[in-house]
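Chain residues, written in single-letter form:
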Amino acid sequence: VSGPLVTLLSDFGHRDAYVGVMKARILAAAPHATIVDLAHEIPPQDVHAAAYVLETAFRWFPNTAIHVAVVDPGVGTERAAVAVWTTHGTFVAPDNGLLTPIEEGKVQAAVRLETPPGSSATFHGRDVFAPAAGRLAAGDRLAELGEPVEELVVLDDYRSRWDAVAATRVGRILHVDRFGNAITSIRREELPDTLAPLRVRVAGHDVGAPRQTYADVAPGEPLALFGSSEHLEIAVREGHAVDALGLPPGAEVVVARSAP
Amino acid sequence: VSGPLVTLLSDFGHRDAYVGVMKARILAAAPHATIVDLAHEIPPQDVHAAAYVLETAFRWFPNTAIHVAVVDPGVGTERAAVAVWTTHGTFVAPDNGLLTPIEEGKVQAAVRLETPPGSSATFHGRDVFAPAAGRLAAGDRLAELGEPVEELVVLDDYRSRWDAVAATRVGRILHVDRFGNAITSIRREELPDTLAPLRVRVAGHDVGAPRQTYADVAPGEPLALFGSSEHLEIAVREGHAVDALGLPPGAEVVVARSAP
Amino acid sequence: VSGPLVTLLSDFGHRDAYVGVMKARILAAAPHATIVDLAHEIPPQDVHAAAYVLETAFRWFPNTAIHVAVVDPGVGTERAAVAVWTTHGTFVAPDNGLLTPIEEGKVQAAVRLETPPGSSATFHGRDVFAPAAGRLAAGDRLAELGEPVEELVVLDDYRSRWDAVAATRVGRILHVDRFGNAITSIRREELPDTLAPLRVRVAGHDVGAPRQTYADVAPGEPLALFGSSEHLEIAVREGHAVDALGLPPGAEVVVARSAP
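Quick mapping for you: the protein sequence lines, in order, are chains A, B and C. One rule links them: number in my numbering = place in the first sequence (from 1) + 4. One rule links them: number in my numbering = place in the second sequence (from 1) + 4. One rule links them: number in my numbering = place in the third sequence (from 1) + 4.
If you're looking for bench data, these hints aren't it; they were derived computationally from the structure. Do not take every clue at face value.
[To be verified] Sample of chain B residues at the chain C side, in silico, Cβ under 7 Å:
| hint | residue |
| --- | --- |
| 1 | Arg19 |
| 2 | Gly24 |
| 3 | Ser123 |
| 4 | Trp166 |
[Said to hold, decoys possible] Covered stretches of chain B (in silico footprint by chain A; criterion: 3 or more residues with CB under 8 Å from a CB of chain A, positions within the stretch not fixed):
| hint | stretch |
| --- | --- |
| 5 | 57 to 67 |
| 6 | 250 to 258 |
Bear in mind the structure is a predicted one, so any value in this text is a computation, not a measurement. Cβ atoms here follow ideal geometry from the backbone N, Cα and C, with glycine treated the same way.
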């Protein structure tokens, strides 16, 4: 990449020029930036899905990259807009939990972005986030963009929890990919190495132990497996798991040890 | 941007390589061009929506940019293809009203593009518009591309009108964004400064006076407000206005002063 | 284009960062690459559609371009991953028929790509195909990427056939574009120059002889015509042919000479 790398993530879709206008503003400030789209069909206002998709992507970019993520149900309210410098990249986003995937201890500095006079009440992507990313891409230091922020909003249910009474790992669906796979908050590292004795349950379905590959079940059958992000996901071989199993958004997922 | 900036707007979607092939042709002529997608999920053949989306975008680019917009229900008929140099950018498009947002008095010159021999009857994006944009991006002058055109086609109902008898401002829905908001042809500057006495009506619904923000109504309630383009839009807080209110495409929107 | 040109084609959609992560890996290896998206909304796992879309695009790029195409229902199984150098470009893809559009006699060399240790079982776009494309874009020679492959998988029904008994040309629907047009495997060069005596039949409908343009039938009427790729397509003027005519995926299409 000749110039700075900027990535964009949003729920803006492709029916409007929202993303194109953000690029105009970034390129106006940093003409040599290389801009990479991460995803713009995040379900409207789904901060959990956006956080998950950001998590799957940012580590593959150099830590000099600037990641702009705008899924912003609170636009126009008092929620803060922030820029966050970490050891694995710089992030520009609303402070609504979207940056939950940043690991603890990685944040170097965070500032609150001001809303320039004359900004739209509904499109801070254009008026706040893209201009801030453009300034960072052009070489401005984080401290020039606003006052320090001490703490960032975190999504409480973004990570799974251990239910000591039931002896189960409990998570939720974070995201549905375009194949209809339901990706959960439960990670491989949170489960025992030996998977065979486990059972995965979601929305009244018991899909058995986590498998190695789709081919471990017959076509049309449900299964659980670890996807490319090392999160447990619920799938149906050659099918659309969310439709086939009737999985509601954010549904609870439980991993238990089967009775011996 | 190292080279010339070219934007692309179309109804070509992302199931086909139509957009990618246009980029191939532009880069073949102008290898250093930076190409920015505005939007490619314009509803098929919806020239009003395309014109509106173009209007929201072009001012954010430098006036050296070349904007290629292809929503072209008349492809293969006698409609002209044009390139238009204005003080706020250069435009390449079918002459079907898509360039209505160019303000009066801004046009410096316009030419009619020829259809090269062997062109497809259905894909002038590849065979006419992209090659013309490529030539302009490579430095060709507008006059080299075709014969002058005196007048461009304008969409009569792209701008709202004042109904003097009823004392109402009358417009129409121009575009539906991905959140389901219906954006209308009525602009903030066409309404009085004091909004409180006004009432907005659409498809049998009275949604009250224009508000400042979504939070001014309860979740699920309809409202009118000015979006980031300064057009009046019909929304439902945390909902999809077009589905919730049953708004037909192009529906009439009326702003009246409420009875004192 | 300053650097090497890389195109991307997939069924990854825009709800996830799969495509963005592939770009990260390509740019990590070849920072000066120019990356062009062909299409990412190929219907999930539809290799025929992907092959067709690739066919419509690659000839418009220079033969130095690298085309990465990932529609990969067999990911994680024994299907090979390949890189293929041809006189009209270099291709990186699963060896599942996706490269059927490469013409016979154009292949210079083909190699089987290794799956690096630690690769995901479900996302070879990130772990196999993008790194291989990045190496090629950075200047690595094909032979450095893997062992030679003798033969590539071909889709048997990608090309139409002549039924000598019935004296008909028989093909199938390869792809549905976003306007609902059904593009078939029958090419203009496979039919006689004089089209008027022909009749095109699909799914119980007789849509008559191939026409020159949509305007040759009334709005709402079905027709057959040659699209911008010189394939016969089934359309409905100002309508969505697949929905209006109830065309099943992959439906058979027959062109017969009408009774004299």
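Check the structure against each numbered hint from earlier and tell me which ones fail, lowest number first.
Structure breaks hints 3, 4, 6.
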